[in-house]
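Asker: Okay, here's what each chain looks like letter by letter:
There are 2 protein chains.
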Amino acid sequence: MKRRDFVKGLGAGSLVATSTMLASCSNADTAAGDKQAVTKPATKKIKWKMVTTWPRNFPVLGTGANLLAEMITKMSAGRLTVKVYGSKELVPAKGVFDSVSKGAAQMGHGAAYYWKSRSETFQFFSAVPFGLTAQEMNGWMYYGGGMDLWRRAYEKYNLIPLAAGNTGTQMGGWFNKEINSLADLKGLKMRIPGLGGEVLKRAGGIPVNLAGGELLTALSTGNIDATEWVGPYNDLAFGLHKQAKYYYYPGWHEPGTTLEVIINKKAFEKLPVDLQEIVKNAAKAVNMDMLSEYMAKNNQALQELVGKHKVNIKKFPDDVLKKLKLLSDQVVSELAEKDAFSKEVFTSFKHYRDNVIAWNDISEKAFISARSQ
Amino acid sequence: MKRRDFVKGLGAGSLVATSTMLASCSNADTAAGDKQAVTKPATKKIKWKMVTTWPRNFPVLGTGANLLAEMITKMSAGRLTVKVYGSKELVPAKGVFDSVSKGAAQMGHGAAYYWKSRSETFQFFSAVPFGLTAQEMNGWMYYGGGMDLWRRAYEKYNLIPLAAGNTGTQMGGWFNKEINSLADLKGLKMRIPGLGGEVLKRAGGIPVNLAGGELLTALSTGNIDATEWVGPYNDLAFGLHKQAKYYYYPGWHEPGTTLEVIINKKAFEKLPVDLQEIVKNAAKAVNMDMLSEYMAKNNQALQELVGKHKVNIKKFPDDVLKKLKLLSDQVVSELAEKDAFSKEVFTSFKHYRDNVIAWNDISEKAFISARSQ
Numbered sequence: 001m002k003r004r005d006f007v008k009g010l011g012a013g014s015l016v017a018t019s020t021m022l023a024s025c026s027n028a029d030t031a032a033g034d035k036q037a038v039t040k041p042a043t044k045k046i047k048w049k050m051v052t053t054w055p056r057n058f059p060v061l062g063t064g065a066n067l068l069a070e071m072i073t074k075m076s077a078g079r080l081t082v083k084v085y086g087s088k089e090l091v092p093a094k095g096v097f098d099s100v101s102k103g104a105a106q107m108g109h110g111a112a113y114y115w116k117s118r119s120e121t122f123q124f125f126s127a128v129p130f131g132l133t134a135q136e137m138n139g140w141m142y143y144g145g146g147m148d149l150w151r152r153a154y155e156k157y158n159l160i161p162l163a164a165g166n167t168g169t170q171m172g173g174w175f176n177k178e179i180n181s182l183a184d185l186k187g188l189k190m191r192i193p194g195l196g197g198e199v200l201k202r203a204g205g206i207p208v209n210l211a212g213g214e215l216l217t218a219l220s221t222g223n224i225d226a227t228e229w230v231g232p233y234n235d236l237a238f239g240l241h242k243q244a245k246y247y248y249y250p251g252w253h254e255p256g257t258t259l260e261v262i263i264n265k266k267a268f269e270k271l272p273v274d275l276q277e278i279v280k281n282a283a284k285a286v287n288m289d290m291l292s293e294y295m296a297k298n299n300q301a302l303q304e305l306v307g308k309h310k311v312n313i314k315k316f317p318d319d320v321l322k323k324l325k326l327l328s329d330q331v332v333s334e335l336a337e338k339d340a341f342s343k344e345v346f347t348s349f350k351h352y353r354d355n356v357i358a359w360n361d362i363s364e365k366a367f368i369s370a371r372s373q
Numbered sequence: 001m002k003r004r005d006f007v008k009g010l011g012a013g014s015l016v017a018t019s020t021m022l023a024s025c026s027n028a029d030t031a032a033g034d035k036q037a038v039t040k041p042a043t044k045k046i047k048w049k050m051v052t053t054w055p056r057n058f059p060v061l062g063t064g065a066n067l068l069a070e071m072i073t074k075m076s077a078g079r080l081t082v083k084v085y086g087s088k089e090l091v092p093a094k095g096v097f098d099s100v101s102k103g104a105a106q107m108g109h110g111a112a113y114y115w116k117s118r119s120e121t122f123q124f125f126s127a128v129p130f131g132l133t134a135q136e137m138n139g140w141m142y143y144g145g146g147m148d149l150w151r152r153a154y155e156k157y158n159l160i161p162l163a164a165g166n167t168g169t170q171m172g173g174w175f176n177k178e179i180n181s182l183a184d185l186k187g188l189k190m191r192i193p194g195l196g197g198e199v200l201k202r203a204g205g206i207p208v209n210l211a212g213g214e215l216l217t218a219l220s221t222g223n224i225d226a227t228e229w230v231g232p233y234n235d236l237a238f239g240l241h242k243q244a245k246y247y248y249y250p251g252w253h254e255p256g257t258t259l260e261v262i263i264n265k266k267a268f269e270k271l272p273v274d275l276q277e278i279v280k281n282a283a284k285a286v287n288m289d290m291l292s293e294y295m296a297k298n299n300q301a302l303q304e305l306v307g308k309h310k311v312n313i314k315k316f317p318d319d320v321l322k323k324l325k326l327l328s329d330q331v332v333s334e335l336a337e338k339d340a341f342s343k344e345v346f347t348s349f350k351h352y353r354d355n356v357i358a359w360n361d362i363s364e365k366a367f368i369s370a371r372s373q
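Chains as they are written, first to last, in my numbering: chain A, 1 to 373; chain B, 1 to 373.
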């Protein structure tokens, strides 16, 4: 099957899956447009393509991209229809950025850290180890200067980025070795991409870059000792509990990963202003929607993992987390040294993070502690 | 001035302010519509009114309502324009529900707990003491059954509710008496509405119902010992630090208050389907936007309160919070006894809450602890 091999092309991606779980989902591009007869705007119909880094209909990530397309199609009464392509259907996952940059597709859905080979700084716009939670990230994006910096970062690629989804705090990953101390990280072969991988390396581990489809085999043959993925809802569907003994938390490396929609700048500028507004607000609405879906569904899946599959949930020891935090701060600070723009992004991020942590300490964190008493 | 006396009509509201801070804001209803010439849809123009429980242009709450109106106007290329009215401009804050129910206005912006005189159960759709944070609340709303229950709750009033904003975790309030033990709650006169007030009463306190405009005077004369409000950004603007010694946290009574837009059902059903979709998704986008604004701005204000105004930030003692939680659980459970529907809402809320707390414990809560080490 065409969709079965999507994973091979996705070397840098941390969020992929097999096609087996996708069969029951409908397609946004065909589901939309059923009740559009009432308004007949006088403009010609515009057809856009959205390429994605996910297999079509992948839970939340793929279905969220579908929802985004559906919102745009419905709100525009079919004047702008967006057809969603899963990874490998038009381009492989790693080709999404270029495809939209060149205008072969008008939109793309993925995450900024997939494009770190163009600039390490892009990673600030998706996930930073020990960085920001989803809610904090959205504060930075919309009201803390993050979106402006992101737009400038993508400008020379002819792209407009918008936040369009968030996984929430991820899990630490699936392990076949217990992590009782820092010594257990030495030589640990773990599939963990991006900045998290760099941090693991400095802790003595061996970050491995594997596509999602190779993970189950790599775990079963011992080629890797561990892998991170997303969270219970996606991980259960993927079957990782079948080949790993321990499910560790917290996901220090991805505390609230922002997903993106990228839009070809010229295509966007050609749109009538009302359709531009529809695209922008649909992204914001789907940013809310996907996070909400993860919030509601992760625990159902967690219950099943623990209750039915007897998964062993473990917390990373405090001293391990402390060391990983120290190393993360180093790795992230070094990004700022690359060039003036990187420094500007780092400075904005760090300033906002310091502030939002102070607020979080006396608001949500304090509340959650009180609730747990 | 007409707007200056809005506060008098808002007995049940916890979020009001004087007009003094509002002068510099622009009006959404006049700001929209400047670049709508590109698309000329063939439908006639529809004009809606949005009445609100806030003074026009009140920071975040009022400006968020403006933004919602602006999104709708812009996305519809002016086919549906929404004119925003502050509290008392058309109806007082407490009249918003009836006004939209009867169709005098087509939309209203406020919060469900303002209408608890119609049904105590409505409070589940805004804030529950020791209930859900903003992110958790949105999970319940969109993917945990909350929205469906809310729609049923408002159906007989000819209203469609949509989540349209969130304050995030609020502060515990401003106090002129230190709270060192449960004994300090006895006889404490505190302005705290809704379920939080009922909880305080059971702890021996005296909940007082005062409109926002009366708070500064009531604090200075000693008529009240304490008042809750929202959080640093709104509270600073309101000047509460001028009449209170201590600023307590956490806001156990409002951990993530959902704001609502209510829509007259007949008016909504008359809209073309594309405009219906625009209204629904604009609410979802503004739900994201307002929370993000609070996240980004609360700490700036907190810094100013602490640094410039030397505000004394204090945490409620653990045993006080423990007792308040126990009493909250009682008060909330009793809501379920009112009727079959209340029981259904309580059961859904409780089931979701138990689950999401379990997920939060190993995801965001665990991450935030590790980050603070």
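Mixed in with the good hints, there may be bad ones.
A pair counts as met if it fits within one copy or between any two copies, since identical chains are not told apart.
What the hints assert, rightly or not - Pairs of lysine-lysine residues, derived as BS3-like cross-links and limited to a Cα-Cα distance of at most 27 Å, are as follows:
1. Lys94 - Lys116
2. Lys270 - Lys280
3. Lys186 - Lys201
4. Lys47 - Lys280
5. Lys343 - Lys322
6. Lys280 - Lys83
7. Lys270 - Lys245
8. Lys343 - Lys177
9. Lys315 - Lys338
10. Lys270 - Lys45
11. Lys83 - Lys102
12. Lys245 - Lys280
13. Lys310 - Lys350
14. Lys350 - Lys308
15. Lys350 - Lys266
16. Lys350 - Lys314
17. Lys189 - Lys265
18. Lys315 - Lys47
19. Lys280 - Lys45
20. Lys350 - Lys186
21. Lys83 - Lys315
22. Lys310 - Lys201
23. Lys323 - Lys44
24. Lys177 - Lys265
What the hints contain is simulated information worked out from the structure, not anything from laboratory work.
Asker: Now look at each hint and say whether the structure bears it out.
Answerer: Now for the hints, and whether the structure bears them out:
1. With identical chains, the CA atoms of Lys94 and Lys116 are at most 27 Å apart within one copy only, with a shortest distance of 11 Å there and 53 Å across copies.
2. Taking identical chains as interchangeable, the C-alpha atoms of Lys270 and Lys280 lie at most 27 Å apart whether they share a chain (14 Å) or sit on different chains (26 Å).
3. Taking the shortest Cα distances, Lys186 and Lys201 sit within 27 Å of each other inside one copy (9 Å), while across copies they are farther apart (57 Å).
4. In this assembly of identical chains, Lys47 and Lys280 lie within 27 Å of each other by CA distance both inside one copy and across copies; the values are 17 Å within and 23 Å between.
5. Only within a single protomer do Lys343 and Lys322 lie at most 27 Å apart by alpha-carbon distance; the minimum there is 25 Å, versus 45 Å between protomers.
6. Taking identical chains as interchangeable, the C-alpha atoms of Lys280 and Lys83 lie at most 27 Å apart whether they share a chain (17 Å) or sit on different chains (22 Å).
7. Taking the shortest alpha-carbon separations for Lys270 and Lys245, neither the intra-copy value of 53 Å nor the inter-copy value of 56 Å comes in at or below 27 Å.
8. Taking CA atoms no more than 27 Å apart as the test, Lys343 paired with Lys177 passes in neither setting, with 38 Å inside one copy and 46 Å between copies.
9. Taking the shortest alpha-carbon separations for Lys315 and Lys338, neither the intra-copy value of 34 Å nor the inter-copy value of 42 Å comes in at or below 27 Å.
10. Taking the shortest Cα distances, Lys270 and Lys45 sit within 27 Å of each other both inside one copy (13 Å) and across copies (25 Å).
11. In this assembly of identical chains, the alpha carbons of Lys83 and Lys102 lie at most 27 Å apart only when taken from the same copy (18 Å versus 41 Å across copies).
12. For a Cα distance limit of 27 Å, the shortest separation of Lys245 from Lys280 qualifies neither inside one copy, at 43 Å, nor across copies, at 44 Å.
13. When the C-alpha separation of Lys310 and Lys350 is checked against a cutoff of 27 Å, the pair qualifies only between copies, where the shortest distance is 25 Å, while the shortest distance within a copy is 40 Å.
14. Taking identical chains as interchangeable, the C-alpha atoms of Lys350 and Lys308 lie at most 27 Å apart only when they sit on different chains, with a minimum of 23 Å there against 42 Å within one chain.
15. Within a single copy, Lys350 and Lys266 get their C-alpha atoms no closer than 33 Å, and across copies no closer than 49 Å, so neither meets the 27 Å cut-off.
16. For the identical chains of this complex, Lys350 and Lys314 are inter-copy neighbours only, at 26 Å across copies versus 30 Å inside a copy, given an alpha-carbon limit of 27 Å.
17. For the identical chains of this complex, Lys189 and Lys265 are neighbours neither inside a copy (41 Å) nor across copies (58 Å), given an alpha-carbon limit of 27 Å.
18. Proximity of Lys315 and Lys47 under a CA criterion of 27 Å is satisfied in neither setting, with 48 Å inside one chain copy and 56 Å between copies.
19. Taking the closest pair of Cα atoms, Lys280 and Lys45 come within 27 Å of each other both inside a single copy (19 Å) and across two copies (23 Å).
20. With identical chains, the CA atoms of Lys350 and Lys186 are never at most 27 Å apart, being 29 Å at best within one copy and 44 Å at best between copies.
21. Proximity of Lys83 and Lys315 under a CA criterion of 27 Å is satisfied in neither setting, with 42 Å inside one chain copy and 52 Å between copies.
22. Proximity of Lys310 to Lys201 under the C-alpha cut-off of 27 Å is found in neither arrangement, the shortest distances being 31 Å within a copy and 45 Å between copies.
23. Taking the shortest Cα distances, Lys323 and Lys44 never come within 27 Å of each other, neither inside one copy (58 Å) nor across copies (64 Å).
24. Proximity of Lys177 to Lys265 under the C-alpha cut-off of 27 Å is found in neither arrangement, the shortest distances being 47 Å within a copy and 58 Å between copies.
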